[in-house]
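Q: So the protein lines, in turn, are chains A and B.
For the first sequence, position 55 matches number 55 in my numbering, and the numbering has no gaps at all.
Convert by adding 126 to the 1-based position in the second sequence; the result is the number in my numbering.
It should be emphasised that the hints constitute simulated quantities derived from the structure, not laboratory data.
A quick note: this is a predicted structure, and the numbers were derived from the prediction, not measured.
Some hints could be false.
Label pairs and their in silico Cβ distance ranges [stated by the list, open to error]:
hint: 1; chain 1: B; residue 1: 183; chain 2: A; residue 2: 27; range: 52 to 60 Å
hint: 2; chain 1: A; residue 1: 93; chain 2: B; residue 2: 214; range: 42 to 50 Å
hint: 3; chain 1: B; residue 1: 230; chain 2: A; residue 2: 59; range: 38 to 46 Å
hint: 4; chain 1: B; residue 1: 228; chain 2: A; residue 2: 76; range: 36 to 44 Å
hint: 5; chain 1: A; residue 1: 73; chain 2: B; residue 2: 196; range: 27 to 35 Å
hint: 6; chain 1: A; residue 1: 73; chain 2: B; residue 2: 288; range: 52 to 60 Å
hint: 7; chain 1: A; residue 1: 118; chain 2: B; residue 2: 184; range: 34 to 42 Å
hint: 8; chain 1: A; residue 1: 89; chain 2: B; residue 2: 192; range: 34 to 42 Å
hint: 9; chain 1: A; residue 1: 111; chain 2: B; residue 2: 287; range: 35 to 43 Å
hint: 10; chain 1: A; residue 1: 93; chain 2: B; residue 2: 228; range: 35 to 43 Å
hint: 11; chain 1: A; residue 1: 47; chain 2: B; residue 2: 200; range: 53 to 61 Å
hint: 12; chain 1: A; residue 1: 89; chain 2: B; residue 2: 183; range: 32 to 40 Å
Footprint (simulated), chain A over chain B, 3 or more residues, beta carbon under 8 Å [unchecked claim]:
hint: 13; region: 156-165
hint: 14; region: 243-253
hint: 15; region: 276-283
We put the beta carbon where it would ideally sit given N, CA and C, even for glycine.
Residues per chain, in single letters:
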Amino acid sequence: MTPKKILIADDSVTVQLMYRMLLADGPWTLRFASNGRQAVEMAAAERPDLVFLDVMMPELDGFAACQQLHASESTRNTPIIMVTTRGEPHHVELGYQSGCSDYLTKPFNGDDLLAKVRTRLGIATP
Amino acid sequence: MTGSDQRLETLVVSRMMSQRPSEPPGRDEVVRTIREIVINLLGCEEFALFHRPRPDGPLQLLSSMGIDPGPLREIELERGLIGGAATSGQLWRAGLAAPAAPLPHEEELTACLPLLVDGRLVGALALFALLPHRPALGASDAALLSLLGREAAVTLSAIAATHGETSQR
């Protein structure tokens, strides 16, 4: 089976390392972007199966990056999970308005993260 | 402890250890890493980090986020929750017996962790309000916070020694 590709956009090295550790085991490969603009470019070039976008990022924030991905023919159908420390309803609504498929609030635990990844990628729990 | 908790603890250690190469980074880089861990792993965007430049002196504010730094620039030991927790050498969490009478600016304090190296107080980390969706700190959070404190104390102390600060002489 070809490994699924997951693109993770977050400007924090600590958070990138957290994803690496929590998603260390699974039939997927991880790619990382450090800002929204890089995420949009990488998504267009590499066609990931799933994208995580942090809301607060330099150059292009997660909402704007999500809108661009949603507007592009090549990435329109890619599931996008917005990630933020802001779990208030109006922030969640903003995320869905920008075109995201799901929402994850920090801090998240590994089980929640894995459940969302498996659901979005259609991978059964082992 | 779950596998997820263990991985987060490994993350804290590895991130802090990576800040201790033979050529130590600037303190700003270490402070940024501590901020990232507090925000993203503990769910707190209102906190203060203190150091103690003189071994017999007060705590001094090194960095803060989301709070008024004014009343926190200098913390006398044994005064208030932060000074009391620092003196006790023990992590204080809301709900536990207060180590000293709280000061007005400490009403929102959730936890205070003394930073110790070989039993010597070198700083403190004070967490104020947690994120709105975040429940109180649980046992695994306390373990993670304590681990962060141990690693941060050693790293900040090493940097202070490199820069020839008084407390390390």
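Q: Would you mind marking each hint as holding or not holding in the structure?
A: Here is what the structure says about each hint:
Restraint check, residue 183 (chain B) to residue 27 (chain A): a C-beta distance of roughly 55 Å satisfies the suggested window 52 to 60 Å. Our hint of 42 to 50 Å for residue 93 (chain A) and residue 214 (chain B) holds, since their Cβ atoms are close to 44 Å apart. Between residue 230 (chain B) and residue 59 (chain A) the beta carbon distance is about 41 Å. The supplied range of 38 to 46 Å therefore holds. Taken as a hint, the range 36 to 44 Å is violated for the pair residue 228 (chain B) and residue 76 (chain A), whose Cβ atoms sit roughly 53 Å apart.
Taken as a hint, the range 27 to 35 Å is violated for the pair residue 73 (chain A) and residue 196 (chain B), whose Cβ atoms sit roughly 53 Å apart. Restraint check, residue 73 (chain A) to residue 288 (chain B): a C-beta distance of roughly 53 Å satisfies the suggested window 52 to 60 Å. Roughly 51 Å separates the CB atoms of residue 118 (chain A) and residue 184 (chain B), a value that falls outside the hinted 34 to 42 Å. Between residue 89 (chain A) and residue 192 (chain B) the beta carbons are some 21 Å apart, a value that contradicts the proposed interval 34 to 42 Å.
Under the hint 35 to 43 Å, the C-beta atoms of residue 111 (chain A) and residue 287 (chain B), about 41 Å apart, fit the expected range. Between residue 93 (chain A) and residue 228 (chain B) the CB atoms are about 37 Å apart, so this pair conforms to the stated range of 35 to 43 Å. Look at residue 47 (chain A) against residue 200 (chain B): about 55 Å separates their beta carbons, and that is inside 53 to 61 Å. Hint check: residue 89 (chain A) to residue 183 (chain B), Cβ distance near 46 Å, so the stated range 32 to 40 Å is violated.
Note: the region 156-165 of chain B has 4 residues with beta-carbon separation from chain A under 8 Å; the three-residue rule is met and the coverage holds. Coverage of the region 243-253 of chain B by chain A is violated in this model, with 0 residues showing a Cβ closer than 8 Å to a Cβ of that chain against a need of three. Coverage of the region 276-283 of chain B by chain A is violated. Counting CB-CB distances below 8 Å, 0 residues qualify, and the rule asks for three or more.
Checked against the numbered hints above, the structure violates hints 4, 5, 7, 8, 12, 14, 15; every other hint is satisfied.
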